[in-house]
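Sequence order for the protein chains is A and B. Under the working numbering, the first residue of the first sequence is numbered 1, with each subsequent residue one higher. Under the working numbering, the first residue of the second sequence is numbered 180, with each subsequent residue one higher.
These aren't lab readings, by the way, just hints derived from the structure by calculation. For each residue, glycine too, the CB sits at the ideal point set by N, CA and C. Treat the hints loosely; a few may be bogus.
Claimed, not checked - Covered by chain A, according to a simulated footprint, are these stretches of chain B (three or more residues, beta-carbon under 8 Å): (1) 229-241; (2) 247-256; (3) 479-490; (4) 589-596; (5) 701-712; (6) 893-907.
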Amino acid sequence: MTDHDATPDLTGPDLSESYALSINGRDREVADAWLGESLLYVLRERLGLPGSKNACEQGECGSCSVMMDGLLVNSCCVLAADAVDADVRTVEGLAPDGTLTDVQQAFLDAGAVQCGFCIPGLIVSVHDLLDRAPQPDELEVREAISGNLCRCTGYGRILQAVQDVAAARTAADAQEDRP
Amino acid sequence: MTTTTCGPSSTAATGSAPAVTGSAPAVTGSAPVAPPGTRERTQRRVRDGLGTSADRPDGTPKVTGAFAFSSDLHDQRMLWGRTLRSPHAHARIVSIDTSAAAAMPGVVAVLLAEDVPGKATFGLEHTDQPVLARDVVRYEGEAVAIVAAEHPETALRAIRAIEVTYEPLPLLTDPAEAATTDPIHPDGNVFRTLPLRHGDVDATGDVVVEGTYEVGMQDQAFLGPESALALPSDDGGVELFISTQWLHVDRDQVAACLALPADQVHLTLGGVGGAFGAREDVSLQVHVCLLALATGRPVKMLYSRAESFLGHVHRHPARMRYRHHARRDGTLVKVEAEILLDGGAYASSSTAVLANAVCFAAGPYRVEAARIDGQVVRTNNPPCGAMRGFGVVQVCFAHEAQMDRLAAALDMDPVELRLHNALKPGDAIITGQRLTGTAPVREVIEAAMAHPLPPDPREDEPAIALPGGAGLTARREDVRRGTGIAVSIKNLMYSEGFDDYSTARVRLETSPDGEPFATVHSACAEVGQGFVTLAQQITRTALGIERVVLHAADTGVGSAGSTSASRQTWMSGGAVQLACDTVHHGLLERARGVLGVPDEPLVLEPGRVVDPATGAEVAIAQLLRAGPLEATEEHHHAPTSTLDADGQGDAHVSFAFAAHRATVDVDPDLGLVRVLQIATGQDVGRALNPRAVIGQIEGGIAQGVGLAVMEEILVEDGLVRNPSFTDYLIPTALDMPSVAATLIEQPEPGAPFGAKGVGEPPTISSTPAVVAAIRDATGKALTRVPVRAQDIAFGEAGAIPPTAGSTSAG
């Protein structure tokens, strides 16, 4: 809570830094920002990309998951100014407008969405998992998404969705491999 | 009766150790549900109507990130609001100096209690909580001042620059001392005392078991933090976009505190990131509107996670002393209980929570006599109020532990004992109220028990599947397995004479392409449960059209009541149905005119109205050329009565039942638990959207498992020690057991479509089932939840001998 012993900084944050980020393949200018702003804050409040969520803002819940140079990160724990030379991919960049990825569609079909606050982070996380491990067993899935808290679903339909995608991708691959 | 089974029907098949996911719900027998005696022919032909697993209308934006939660709202001119909170659990405010904060560049407003123009306090049932503390703070986190600034960091620095001098006051943190301690609030320290006397209260049984039980403070821990955007409106009022459970009760409290007429306070539901009871009370609603009016600019407020833990009510901690009397054959003779709930600093919904705890203190069992004494008190602990299960969670933990003790004392199978005493239709609960609806208690127990147990442990299991997980702490040879069962009863809707009606407006018109479509306007708060899907399903089925759009939930239509008490399917679903019926009636009237058959019974079919006698028909689109048809209807449930001086009365509308069987692996020396599987049977009336019902069941079980083994707000001297997801643990995907669920479908008389609410029961008896399973594995008494490692490793043994012949009523 409030730390009464700290000497208050009465100057306010210095809103003067400008830099560019690469978000979903596009260069985005960030003007007159405070260097203390997280990547999550800049995405949500400066760049109009609120898909990444802010459930804890301390790296515990995974709702702000984005890909940064191919690595899954909690964007709340990344300073935006540290992402200047990185390739950042958010949930908004997964599928072209008006379309859904197989993971997004599977979440809908399996009934994995209730309030939905955790869902964008989970979608990003599951894409990352299936890119790395196309046929995860159930414990692998559970471990991979254990950094993404969900309070509504008990994860059952989410696990179902992941398994459905893995099975569909495997079947599609088999189809392709057929002579 | 039909049953729908989902989940791992063959968990033994793969043996890939404990974690076996439920498969998609096997939706058998999902014929569309018809309201009694009407339009069956039409309904069967409408796509995505009642009884189907129709898709959520908000599903696609929720998976793409486009769905706007209240915390996503943004206005170019907006300021950021922030709250200064008390660091003390009880203190007098000596002075507040805001000069440094107000002088900071970028700070636009700093407001204190004297800046509240209207009513100084708010509250759901008793308005005893200050909007901003003036003289005294009564819990850690109580709001003292609010600021608005150009940047959230500026707002944070500004509240740190406010200098408050406190003089600490004596703490009242033990609820047992509240009634006899000097009042810490002008309204006193006792929110409610509720005695219940049923039958021959001096009766005794051949076998008597007793125990003392405790439930810790659980948090709803929704993921979407409290947030809102308030905009001053041109008429001097305010527009508020808010994540809440009940728009109209928020509206009334905001208007009173702002000294505005209700029609100048307009609320629209912002996307809600979960609720579970924590959004029933006002948190930042008044604050953010005050700031918007004071600054003349839009203001956004957003709680941090730590602030969220301090900024909403929690589940009441409980201390319960129980004594059960039974005959040698297991028949329950009498249940005695003393129930003490800690309501924390302010009333919230404490009085209603206590009523639930007392009314359902004996559980879903026939019992000839009961003597229950309940009390809920004020302390300097965090305020407590609504959370999923609402008073029943606490007593269910105790009465189910008692049933197991009784079974041990009688040397009787605990399932048999429950079946022997299970309520059935026509029986009375301990308030004297007869069960006039369905009561498939036996069926839910048998369904839970019928699921296959999880496969036996394997030697080559990965370490992550052992209790304690990847910490490599438990060894397979030390792990013991246990199973336990628990059963629950929960009231649906509000009780004790409360008329928690719901309103819905339905408008049927033609779109520019000539197709008819309906618009449903309801203030029902969609918090994730899926009312938006259900409202579409009801309308499609009732009006025989596929296109149904939802008006934003706002205060522009009458109240829908709260999204709580498992009530919205029944109440707002019923309101939508009534409004559809009126529109339907209007369509037939127009059709009689067009077809020239003033007295013929006509039939609505998809897209048209037909005269079955002649085969003549007219298109709905044609009937709508005369203009749209619109109806606004209120749905009231059957009236209930208050409880009399003995806690007797028909105080409840309807009841739902559930049984849970838990299987756990435990390392008894290290006190580590892994919950492997929950098998459940649940009384749902009718499953109007089977996929959504399964989601409610699995999600509710997760919260019940959390209370059993990990979730507790730790409060020391009134101070919350773990306000973060680092220290307040909720189940992750690795903690969550597999779920095997059977839906018991017995249509409830008087319920729209025969459907019962399904949200709360899964949370209630899953907790005692898990603890019973841990007792089974360890032999420990485990009289407190959440069960901690030390309770298992060092707790006292649970073999409690019967104290036959004990007669004292305590």
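We went through each hint and held it up to the structure:
Requiring three or more residues with a Cβ within less than 8 Å of a Cβ of chain A, the coverage given for the segment 229-241 of chain B holds, as 7 such residues are present. Figure legend: the segment 247-256 of chain B, annotated as covered by chain A; annotation consistent (5 residues with Cβ-Cβ distances under 8 Å, at least 3 required). Counting residues of the segment 479-490 of chain B whose C-beta lies closer than 8 Å to any C-beta of chain A gives 5; at least three are required, and the coverage claim holds. Here the segment 589-596 of chain B counts 0 residues with a CB under 8 Å from a CB of chain A, which misses the bar of 3, and the coverage is violated.
Counting residues of the segment 701-712 of chain B whose beta carbon lies closer than 8 Å to any beta carbon of chain A gives 4, which reaches the threshold of three, so the coverage claim holds. A stretch counts as covered by a chain when three or more of its residues have a beta carbon under 8 Å from one of that chain; for the segment 893-907 of chain B and chain A the count is 3, and the coverage holds.
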